[in-house]
Amino acid sequence: MRKFTMQSGLVMPLDRANVDTDFIIPKQFLKSIKRSGFGPNLFDEHRYLDKGEPGRDNSSRPLNPDFVMNKPRYKGASVLLARENFGCGSSREHAPWALDDYGFRVIIAPSYADIFFNNCFKNGILPIVVDKKIFDQLFLEVDAAEGYSLTVDLERQVIVKPDGSTIAFEVDSFRKYCLLHGLDDIGITLQDADAIKAFEARWKASAPWYFGAQA
Amino acid sequence: MTGKTLYDKLWDSHLVKQRDDGTALIYIDRQLIHEVTSPQAFEGLRLAGRRPWRAEANFATPDHNIPTTREERQQGLEGIRDPISRIQVTTLDDNCREFGIFELDMNDERQGIVHVVGPEQGATLPGMTIVCGDSHTSTHGALGALAHGIGTSEVEHVMATQCLLQTKMKNMLIRVDGRLNPGVTAKDIVLAIIGEIGTAGGTGYTIEFGGEAIRSLSIEGRMTVCNMAIEAGARAGLIAVDETTLHYIKGRPFAPKGDMWEKAAAAWRSLVSDSDAHFDRVVVIDAADIIPQVTWGTSPEMVAPITGEVPDPDKEDNPTRRENMRQALKYMGLKPGTRITDIKLDCIFIGSCTNSRIEDLRAAAAVVKGRKVAANVEMALVVPGSGLVKKQAEAEGLDKIFIEAGLEWREPGCSMCLAMNADQLGAGKHCASTSNRNFEGRQGFGGRTHLVSPAMAAAAAIHGHFVDVRDILFTADRPA
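Chains as they are written, first to last, in the numbering used here: chain A, 1 to 215; chain B, 1 to 480.
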């Protein structure tokens, strides 16, 4: 996994609560057997005026001028400011893959759906939870100032605003460690292979019906 | 010491290692696999030179991309017209062969929606931990299993280690007291619950559903309720084991037999929350207050009783919710104050992992029997959840009832619940759907979904607009 230590970037606000995973990446793009290439179809149904299909050349499609992503001032954004319950709906990891492929490295929101939140960490994306009041203030500031950028320092667990002031945030210590070092979970878990084997042997002795032959 | 909740018991019995930072390694008994969220996980294993930790703990069947017309299905893989979809399905076949994983492939009579097939085969057992790269894995909690959806990285993790890295959730109890009104179903219960607590109400919790109304549901009904726990934000829903559970499981192909069955059943009877267990949040709902439900918006929490009307955003105090309602009404093409019964339907979809089991099909057939689909309904699909559900329905003559009424009788798969195959809702069309999500574009680009129970979808098919199914079921104008 790619390391995450510090990220400075332009902020794009998405003014909508309960953004679901179908909104982030529509189902037709889930037919891919790859992990990459989803960026051009991020927010597809809102970003374009027509219906997207896998394999289509997206560069010739009509853009929705009203959608925030198509406003020139947010071009190249890497920090996404999103509203409550971001990423609700399906478990599709294609959602963080699409955000990552487009270039988003940080999401800041008051709350997230559980599965999506978890999936972000597996892909080197940092989802930050901030208090609603602070969040609302950030939203106003981003809207007011073109070129508004933030720096996110994971080691110190702070968001640095353009005026130099900081917003502290919480992050699970294990997830922080994995992000900072770019570690993949499987390798870490397999360090506990002996504990897993010991558990498995005990469990098989007490509940053998879960280890039966297949029909 | 206070007692344990069912969730506590399931968690404790699968705890491999508790880390100091609050995360834990949880042992996984069963991983269910479908074609959409698994290819990148298998690829990850290949690239790292890893093999599955315990291949026989995995169980696969393709469902999302599978065509549902008989003509297409008779051609096998060639019947999948979209080459990208076909590659995804054949990739699952290839991966299962390469890694020694049991698969019911698309030509197998037992194939179907993974959340229908798992319980049907007895691959879902009480007391198990179950994962699948699919958020509706919460379904399996209906059998007293701790089951939840995971992302593809976690699919790979479970394949490689048989464990999942987890932080323990909080405990929520949703108790539905008393008896359900006649004509009110499990789907109405869960939609009413989501309407009450909201789509983020269960975030961070495992929800146990209890109370007399839940206890009196069949396993099919319980699966409908747990299936939509994720729509309330909870990764897992649970229902305690009772004799209904054991009766459902006994004799299924993957269930233990003989002496082993007796031992297992004895252990499973303890899979209930202790009477003095602590829940972090308790929600109590009176079953008598629930009547048939219909969603009017683009989130499952945007739901109203059939006797109600589309709400007015201007009367909503919360600004975020007000804006969400406005966006939803614009997308749905609905005006505030419209009576739910005045919403006209272009399409009917009876199917999905929420409502495609035999009991669902029986309920829908009972409503349409001897009647005809309304002229304004352009498409009405009945898609059984598995090949075995289809076979059972045909043995009972349900297929003929649907066909005579003017509905299409299809082959098993996810179909128009998420429209990854050819079954898609047209732009601007309203669909009465027994599925689980009414998100924008979910059933097709620009499509407008209304979530309802199978009986309500069937009633809407006959009238061409929503009606209170109780008026059909309990009045005298029933045709012979």
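The set of hints was computed from the structure by calculation and includes no laboratory data. Ideal Cβ placement from N, Cα and C applies to all residues, glycine included. A couple of the hints might just be wrong.
The following label-pair restraints were derived from C-beta to C-beta distances [unchecked claim]: (1) B:G426 to A:R56: 35 to 45 Å; (2) A:E146 to B:E316: 55 to 65 Å; (3) A:G55 to B:Q74: 46 to 56 Å; (4) B:R215 to A:S59: 52 to 62 Å; (5) B:P182 to A:P65: 47 to 57 Å; (6) B:R81 to A:F67: 25 to 35 Å; (7) A:R61 to B:P182: 27 to 37 Å; (8) A:R156 to B:E316: 32 to 42 Å; (9) A:P65 to B:L47: 36 to 46 Å; (10) A:R56 to B:D94: 24 to 34 Å; (11) A:G55 to B:N376: 18 to 28 Å.
EDC-like cross-link-like pairs, simulated, lysine to aspartate or glutamate; straight-line CA separation at most 20 Å [claimed, not checked]: (12) B:K17 to A:D184; (13) A:K133 to A:E155; (14) B:K168 to B:E323; (15) A:K204 to B:E262; (16) B:K330 to A:D15; (17) B:K170 to B:D20; (18) B:K263 to A:D66; (19) A:K176 to A:E155; (20) B:K330 to B:D312; (21) A:K204 to B:D312; (22) A:K133 to B:D20.
Going down the list of hints, with the structure as the test:
{"no.": "1", "hint": "B:G426 to A:R56: 35 to 45 Å", "in the structure": "20 Å, violated"}
{"no.": "2", "hint": "A:E146 to B:E316: 55 to 65 Å", "in the structure": "32 Å, violated"}
{"no.": "3", "hint": "A:G55 to B:Q74: 46 to 56 Å", "in the structure": "27 Å, violated"}
{"no.": "4", "hint": "B:R215 to A:S59: 52 to 62 Å", "in the structure": "57 Å, holds"}
{"no.": "5", "hint": "B:P182 to A:P65: 47 to 57 Å", "in the structure": "53 Å, holds"}
{"no.": "6", "hint": "B:R81 to A:F67: 25 to 35 Å", "in the structure": "31 Å, holds"}
{"no.": "7", "hint": "A:R61 to B:P182: 27 to 37 Å", "in the structure": "51 Å, violated"}
{"no.": "8", "hint": "A:R156 to B:E316: 32 to 42 Å", "in the structure": "40 Å, holds"}
{"no.": "9", "hint": "A:P65 to B:L47: 36 to 46 Å", "in the structure": "41 Å, holds"}
{"no.": "10", "hint": "A:R56 to B:D94: 24 to 34 Å", "in the structure": "26 Å, holds"}
{"no.": "11", "hint": "A:G55 to B:N376: 18 to 28 Å", "in the structure": "36 Å, violated"}
{"no.": "12", "hint": "B:K17 to A:D184", "in the structure": "18 Å, holds"}
{"no.": "13", "hint": "A:K133 to A:E155", "in the structure": "24 Å, violated"}
{"no.": "14", "hint": "B:K168 to B:E323", "in the structure": "34 Å, violated"}
{"no.": "15", "hint": "A:K204 to B:E262", "in the structure": "16 Å, holds"}
{"no.": "16", "hint": "B:K330 to A:D15", "in the structure": "16 Å, holds"}
{"no.": "17", "hint": "B:K170 to B:D20", "in the structure": "18 Å, holds"}
{"no.": "18", "hint": "B:K263 to A:D66", "in the structure": "63 Å, violated"}
{"no.": "19", "hint": "A:K176 to A:E155", "in the structure": "8 Å, holds"}
{"no.": "20", "hint": "B:K330 to B:D312", "in the structure": "12 Å, holds"}
{"no.": "21", "hint": "A:K204 to B:D312", "in the structure": "57 Å, violated"}
{"no.": "22", "hint": "A:K133 to B:D20", "in the structure": "32 Å, violated"}
Taken one by one, the earlier hints fail for this structure at numbers 1, 2, 3, 7, 11, 13, 14, 18, 21, 22, listed in ascending order.
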